[in-house]
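Student: One letter stands for each residue in the lines below.
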Amino acid sequence: MMRAKTAAAIGLVMLALAVSPFASPIRQDAQREAPRYSRIVSLVPAVTEMLFAMGAGGAVAGISSYDRYPPEALTRPKVGGLIDPDFERILSLRPDLVITYGTQSELIDRLRRANIGIYNYEHAGLADITATLRSLGQRIGRRAEAERLAASLEQHLADVRARVAGRPRPRTALIIGRELGTLRGVHASAGVGFLHDLLETAGGIDVFDDVKRQSLQVSTEVLLARAPEVILELHPPEGWTPEKIARERAVWQQLPSLPAVRRGRIHILTDHRLIVPGPRVGDAARMIADLLHPPSLPSNR
Amino acid sequence: MLEAVDLHFSYGAAHRRRASPAHAAAPRSVVDGVSLTIPRGGLVGLLGPNGSGKTTILRLLAGTLRPQRGRVRLGGRDLTVLSRSEIARRLAVVPQETQLAFEYTVLEIVLMGRYPHLGPFEVEGPEDLASALRALEATGTGDLADRPFHTLSGGEKQRVVIASALAQLDPASRHAAQASGPDGRLLFLDEPTASLDLRYQIEVAALVRDLHARHDITVLLSTHDLHFARTVCSDVVLLSRGRVLDHGAPDRVLTPASLGELYGIDPAVAAPLLR
Amino acid sequence: MSHGLADARVLPGTPLRRGVPIVFLCFAAMVIAVLAVPFVGSTPLQFTRVFSRDIPFSENVDAQIFFVARLPRALAAALVGGTLAAAGVVFQGLLRNPLATPYTLGISAGASLGAMVAITLGAALPFGGVASASLAGAFVAVVIVYALARARHSGLSTTVLLLAGVTLNAFFSALILFVQYLSDFAQTYRALRWLMGDLDVAGYAPILAALPLVGIAFAAFAWLARPLNLLSLGADAAGSRGVNVLRAQRVAFFSASLATGAAVSVGGPIGFVGIIVPHLVRLLVGADHRLVLPASIFFGASFLTMCDAVARTVMAPLELPVGIITAVIGGPFFLWLLLRQR
Chain A
1 MMRAKTAAAI
11 GLVMLALAVS
21 PFASPIRQDA
31 QREAPRYSRI
41 VSLVPAVTEM
51 LFAMGAGGAV
61 AGISSYDRYP
71 PEALTRPKVG
81 GLIDPDFERI
91 LSLRPDLVIT
101 YGTQSELIDR
111 LRRANIGIYN
121 YEHAGLADIT
131 ATLRSLGQRI
141 GRRAEAERLA
151 ASLEQHLADV
161 RARVAGRPRP
171 RTALIIGREL
181 GTLRGVHASA
191 GVGFLHDLLE
201 TAGGIDVFDD
211 VKRQSLQVST
221 EVLLARAPEV
231 ILELHPPEGW
241 TPEKIARERA
251 VWQQLPSLPA
261 VRRGRIHILT
271 DHRLIVPGPR
281 VGDAARMIAD
291 LLHPPSLPSN
301 R
Chain B
1 MLEAVDLHFS
11 YGAAHRRRAS
21 PAHAAAPRSV
31 VDGVSLTIPR
41 GGLVGLLGPN
51 GSGKTTILRL
61 LAGTLRPQRG
71 RVRLGGRDLT
81 VLSRSEIARR
91 LAVVPQETQL
101 AFEYTVLEIV
111 LMGRYPHLGP
121 FEVEGPEDLA
131 SALRALEATG
141 TGDLADRPFH
151 TLSGGEKQRV
161 VIASALAQLD
171 PASRHAAQAS
181 GPDGRLLFLD
191 EPTASLDLRY
201 QIEVAALVRD
211 LHARHDITVL
221 LSTHDLHFAR
231 TVCSDVVLLS
241 RGRVLDHGAP
251 DRVLTPASLG
261 ELYGIDPAVA
271 APLLR
Chain C
1 MSHGLADARV
11 LPGTPLRRGV
21 PIVFLCFAAM
31 VIAVLAVPFV
41 GSTPLQFTRV
51 FSRDIPFSEN
61 VDAQIFFVAR
71 LPRALAAALV
81 GGTLAAAGVV
91 FQGLLRNPLA
101 TPYTLGISAG
111 ASLGAMVAIT
121 LGAALPFGGV
131 ASASLAGAFV
141 AVVIVYALAR
151 ARHSGLSTTV
161 LLLAGVTLNA
171 FFSALILFVQ
181 YLSDFAQTYR
191 ALRWLMGDLD
201 VAGYAPILAA
211 LPLVGIAFAA
221 FAWLARPLNL
231 LSLGADAAGS
241 RGVNVLRAQR
251 VAFFSASLAT
261 GAAVSVGGPI
271 GFVGIIVPHL
281 VRLLVGADHR
291 LVLPASIFFG
301 ASFLTMCDAV
311 ARTVMAPLEL
321 PVGIITAVIG
331 GPFFLWLLLR
341 QR
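Protein chains in written order, with this note's numbering: chain A, 1 to 301; chain B, 1 to 275; chain C, 1 to 342.
Hint data in this document are derived by calculation from the structure and do not stem from the laboratory.
Which residues of chain C face chain B? A few of them, derived with a C-beta cut under 7 Å, are: (1) Thr14; (2) Asn229; (3) Gly239; (4) Ser240; (5) Arg241; (6) Gly242.
Here are some chain C residues pointing at chain B (derived, C-beta under 10 Å): (7) Leu95; (8) Asp236; (9) Asp288; (10) Val292.
Ranges of calculated distance between the beta carbons of each label pair, as one might list FRET restraints: (11) C:Ala205 to A:Arg249: 14 to 20 Å; (12) A:Asn120 to C:Leu335: 42 to 48 Å; (13) A:Arg262 to C:Ala205: 21 to 27 Å; (14) C:Leu121 to A:Ile83: 16 to 22 Å.
Note that CB positions come from ideal geometry on N, CA and C, so glycine has one too.
Hey, can you work out the whole structure from these sequences and the hints?
Tutor: Below you can see the structure in the form of structure tokens.
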């Protein structure tokens, strides 16, 4: 009799121990170190980079279909992205934490019902990148590494700002999309978002700053009226050969009165670091700063 | 003047023949071996129940449909060798009802009848306008010229369409070569009084007789109206299930027996209709 | 019953002649619109600077805005507006229905599908971009609709045309949704913007490319004007007056489809022009296609040019898609039409 009771008691305790990780509700602001996660699925490429950068790459069990960095991440299974997350695949990886976009309300609902931990990523400005690094680090129990990364990034950005301080700031159009081969359907960053913040950090002025939108479809007339001095075009890296870059740069010759066209300051950028608001944005800021303020020029013109 | 020889026609026959050649001979013919002659100056009535093929025969004789077998000759010439314009200058059709897609005026519709007399980019000239005015006068619709067609009564609409047909047949033209010769003109009417009130039935009937008598127009019409057939037509053709039952002068052809056979009724019932 | 028909008071001339002054008025309106509208916009222009010869063109912002941004746009709007209006008239005549539009028979659905595929596959296509792809899509739609309409009849049944067009619209719309589903976020956004219509052609090349197609279509329309009048009476009635009905229907179908395809390839599927303008023009000049067609071209050109000027000015630097302006005008217009007929 005694043995059966002991066995039952031990069984219960073991059961309780086994179940306890699954029983924890979402507490993003836990005071003490939150439990570590060993199977993280990330739908957000920026966060995937952050996880690997703070040394938690081993815990990453699944990534989004749009991840491209770091190379080790690409060995993990892909589970979709912002518009098309594959819930079944996510479940099949038995995650204990899923990084989702804040707008994926349906997915978040289903994960909650399945009692899987969630970290909501909100996409915003440059400053939020370091904030996300810190809160993520706290959540997964890598506070020290996250703090180091965040501080290093902030330092990097401060260095860039310092380098360009005092220089005249060129009026820049940051083009995030257009119909290739033509100047139709041109979309530009317009005063809000991390790209805009990068531009400001790198010592440039967003020529559409007053509009205060993440993106704006710009007509030819508006481009001519705003007369940017520098044009930065961002494109995903796939399929861009030097010939294609030269061709697309030449398309801007349709508007010869733009100062950027007259001075040849049209840059087509296909580096992945520029489109992911993750730990490598410091590099992105430096790249843009170098384009806007070529280091060969003396600092006060 | 218009001669039809051994006409055969069935809708969809061409399609069926492609599908199954073996059954090509078997389809139900709407017109099954019809031969008839419309003499110059005649006023011929086609009489028969619905489904007997009256409308189809009108369309075959007008050249709108091509028969699967048989020929139609206008003034001795086969319809298939005449151009559409040549046929249209001598043969006009008045349908039972006219539905317009857009709001044309009476004069515009009558002027449309001048189409076969004009080249592809020619605009109507004074002769065409005069022809239209004559047609309006002949049908008593002169003061309706600027009215939109859809505002007219049923009888007025029918008279306007007849005026349009008259303008079409009017030989006056700036092209001497096109002026139709002495062969006469044909007017087809598909159940001209069927959808009209009694008053308009009488009006249109009188108009048709008048046109035939005074304007030397040969008329072929299909009708249900026995009284009209007896009193107005010079010849009557009885049609039953795509075949000609009899044709000739109304007094001889329209008998209780023939009506009984035509409509599937007891001759005794038909007799009072002929009194 | 005749009342002095020889009297000149009643009929001063054929109805055709009476409508000609209004056609000229519409032409004048078009010319004025195209010349004046480039001076209107969110950036004020100085007339003297625009035409000044002292400043080299590549430095003259005013001249650049006028000649590179606004004038091509006004010309494109005139071209697309006039073409869609005329195509609307021809389709209404062909289908004998004043509610028909250039998009009823599925041509714009085909053009849209072509554009979607180009936007999604993007770099994969070797040939010239979204405009050519949309033209190709329109062509496919035309071929399918025509084949369907001819399958069961030796003639060209307008009922079957209509059914084929409606079916094709539904089918292609489903395919468009499918292609959008496959595309990523940026492509979906670009595709949606294309569907809303965009006349910012940024140069004369798209206009020149579409011009030969529109020219052929308009030549066909000139020939079609009178046969369309007669077709309004019915296919049989037209045939008995000497019209080659099958040929007229074929010419109408293909020329109006060509015109629609060309217009959509330049500016996207802009709605309401193809139905508002024919209606308004008929109210002004009557139903004779020899007046309605040219008047619709001129009126449609003026109309869309002005709508586009509003679209690019009203919320600058944001641009309203021009299709929204035409819809905002078109919706109440239709209500008014409906109420008026009661």
